[in-house]
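Engineer: Take a look at the letters that make up each chain.
There are 4 protein chains.
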Amino acid sequence: MEYTSQLRVRYAHTDAMGIVYHGNYYEYFEAARVELMRHAGLNYTELVEAGYYMPLIESHCEYKKPAKFDDLLDITCKMVYDGALRVKLLYKIHCNGILICTGHTVHVFTTVAENKIVKPPKLFLDYFKESA
Amino acid sequence: MEYTSQLRVRYAHTDAMGIVYHGNYYEYFEAARVELMRHAGLNYTELVEAGYYMPLIESHCEYKKPAKFDDLLDITCKMVYDGALRVKLLYKIHCNGILICTGHTVHVFTTVAENKIVKPPKLFLDYFKESA
Amino acid sequence: MEYTSQLRVRYAHTDAMGIVYHGNYYEYFEAARVELMRHAGLNYTELVEAGYYMPLIESHCEYKKPAKFDDLLDITCKMVYDGALRVKLLYKIHCNGILICTGHTVHVFTTVAENKIVKPPKLFLDYFKESA
Amino acid sequence: MEYTSQLRVRYAHTDAMGIVYHGNYYEYFEAARVELMRHAGLNYTELVEAGYYMPLIESHCEYKKPAKFDDLLDITCKMVYDGALRVKLLYKIHCNGILICTGHTVHVFTTVAENKIVKPPKLFLDYFKESA
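Protein chains in written order, with this note's numbering: chain X, 67 to 198; chain P, 67 to 198; chain V, 67 to 198; chain D, 67 to 198.
No lab work stands behind these hints: they were computed from the structure. Where hints are given, some of them may not hold.
Straight-line alpha carbon distances no greater than 20 Å define the calculated SDA-like cross-link-like pairs of lysine to any residue that follow [said to hold, decoys possible]:
1. V:K130 - P:R152
2. X:K134 - D:K158
3. D:K131 - X:R152
4. X:K144 - X:G163
5. V:K134 - P:Y119
6. V:K195 - V:M145
7. X:K182 - X:G149
8. V:K144 - X:R76
9. P:K134 - V:E124
10. D:K158 - D:L73
11. D:K131 - X:R74
12. V:K182 - V:K144
13. P:K188 - P:Y119
14. X:K134 - X:E196
15. X:K134 - V:V114
16. X:K154 - X:K134
Computed from the model, here is a short list of chain D residues facing chain X with C-beta under 10 Å [to be verified]:
17. E96
18. H126
19. G163
Note that beta-carbon positions come from the ideal geometry of N, C-alpha and C, so glycine has one too.
Hey, can you work out the whole structure from these sequences and the hints?
Structural biologist: Structure below.
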């Protein structure tokens, strides 16, 4: 389950070094994660309507080359799920074929109602199996 | 009802021109608005717990001089309320006595439950009268 | 000189009211402004390489209806230039045909080298005339 | 070399789950890092004026409990330097004694002029030795 989406760097995301502020790559990871899920047929809003959130318990990024304003980034996002409570997503961002950064996020599922960690819901598992 | 609070510019808020990105001043206005209300004895979280939000219906900023990374900003926030549905807040940001920008925001009160515009709640009016 | 571009609301841009944080619309205005200029054949990076910035001196937004996570927004951006020092851009954001907000920004041109306000450079005027 | 600073969560940093958006903790880490350096007598702006940047090559965060709007966070930042090219900073964020998250960032030094990775400059080493 892997998908590559694109986005363009906004001026708002650059910093005084003239490059994308390191923390903003996590927003790009989010955009890629949402597109991967949409591509698999599972909108994050459906998951929320079904009563589940997918909060992060870990985020990580290694910066190789800086991205700049107006750069068109290719973000490859891959979901790894081994049947446990956690879902891992791996990211690679390229710009014109040059590797900008790699990273990952780890998520759990919680109930919207009680904010309790639960097993991945059937809604998620069904889509994941079909798409894997 | 006026109050001046301080905050320091983070690198995250600068852009590739080496100055604070224009959109970020609205976050500084928010910080000053929250501090003004706290100073008057009214925490925004109390208002939410009482069932009200204070969403914006207008925001405006005029930029005079740029602020930069690590600048310590003085933000003066003044609340103007004429008894109608709307509350207006006026802002002035200075850095070392130099005017950086001026602006305003206009807010209404809505119910958390039904997202309906309502008159300013008693909780707000009481604090406003005492502080004005 | 008018152009409509699209963008999708990221989770990062929502706030605890479950809607897009008011300050983030200015980032959407920026995205639309850059696309309008690109559509006219004028990349903002070219302008910078030619030695000019286009900083804001004013920003304004009126909020009609909230946008939410994953909403696909249509942003119409129109440039108005009357031959003076200032350039005005007007914005309208719709979601599924519903008006979300309207706003404007006012810009001047400054030199990258000396940070001095100057007349709109020929590079800008040429593209503007062709596209108008 | 360790220092604890405080900051308050702004509404702008919350998301539709009603908690601080995960990516924003990196901005809080930055604020704590800058205050640690200031406490040691080394302003980041001095470092830039001396011709050096301190870009990140890695960032990492593990989320334990969510922080919310208006929470007052204590951020402990510790600098670890073993004499090599890289500087590591460790972070712990608490709210009312409860651990919110832990994380780290890894930095190198680059020249502003040529964007080349260089050894930590004397300016940095002198302050680090005095403060360690």
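Engineer: A separate judgement is required for each hint: does it hold in the structure or not?
Structural biologist: We went through each hint and held it up to the structure:
no.	hint	result
1	V:K130 - P:R152	holds, 14 Å
2	X:K134 - D:K158	violated, 30 Å
3	D:K131 - X:R152	holds, 16 Å
4	X:K144 - X:G163	holds, 18 Å
5	V:K134 - P:Y119	holds, 16 Å
6	V:K195 - V:M145	holds, 12 Å
7	X:K182 - X:G149	holds, 18 Å
8	V:K144 - X:R76	holds, 19 Å
9	P:K134 - V:E124	holds, 18 Å
10	D:K158 - D:L73	holds, 13 Å
11	D:K131 - X:R74	violated, 32 Å
12	V:K182 - V:K144	violated, 26 Å
13	P:K188 - P:Y119	holds, 14 Å
14	X:K134 - X:E196	violated, 37 Å
15	X:K134 - V:V114	holds, 13 Å
16	X:K154 - X:K134	violated, 28 Å
17	E96	holds, 7 Å
18	H126	holds, 5 Å
19	G163	violated, 20 Å
In summary, the structure is inconsistent with hints 2, 11, 12, 14, 16 and 19 from the numbered list given earlier, while agreeing with the others.
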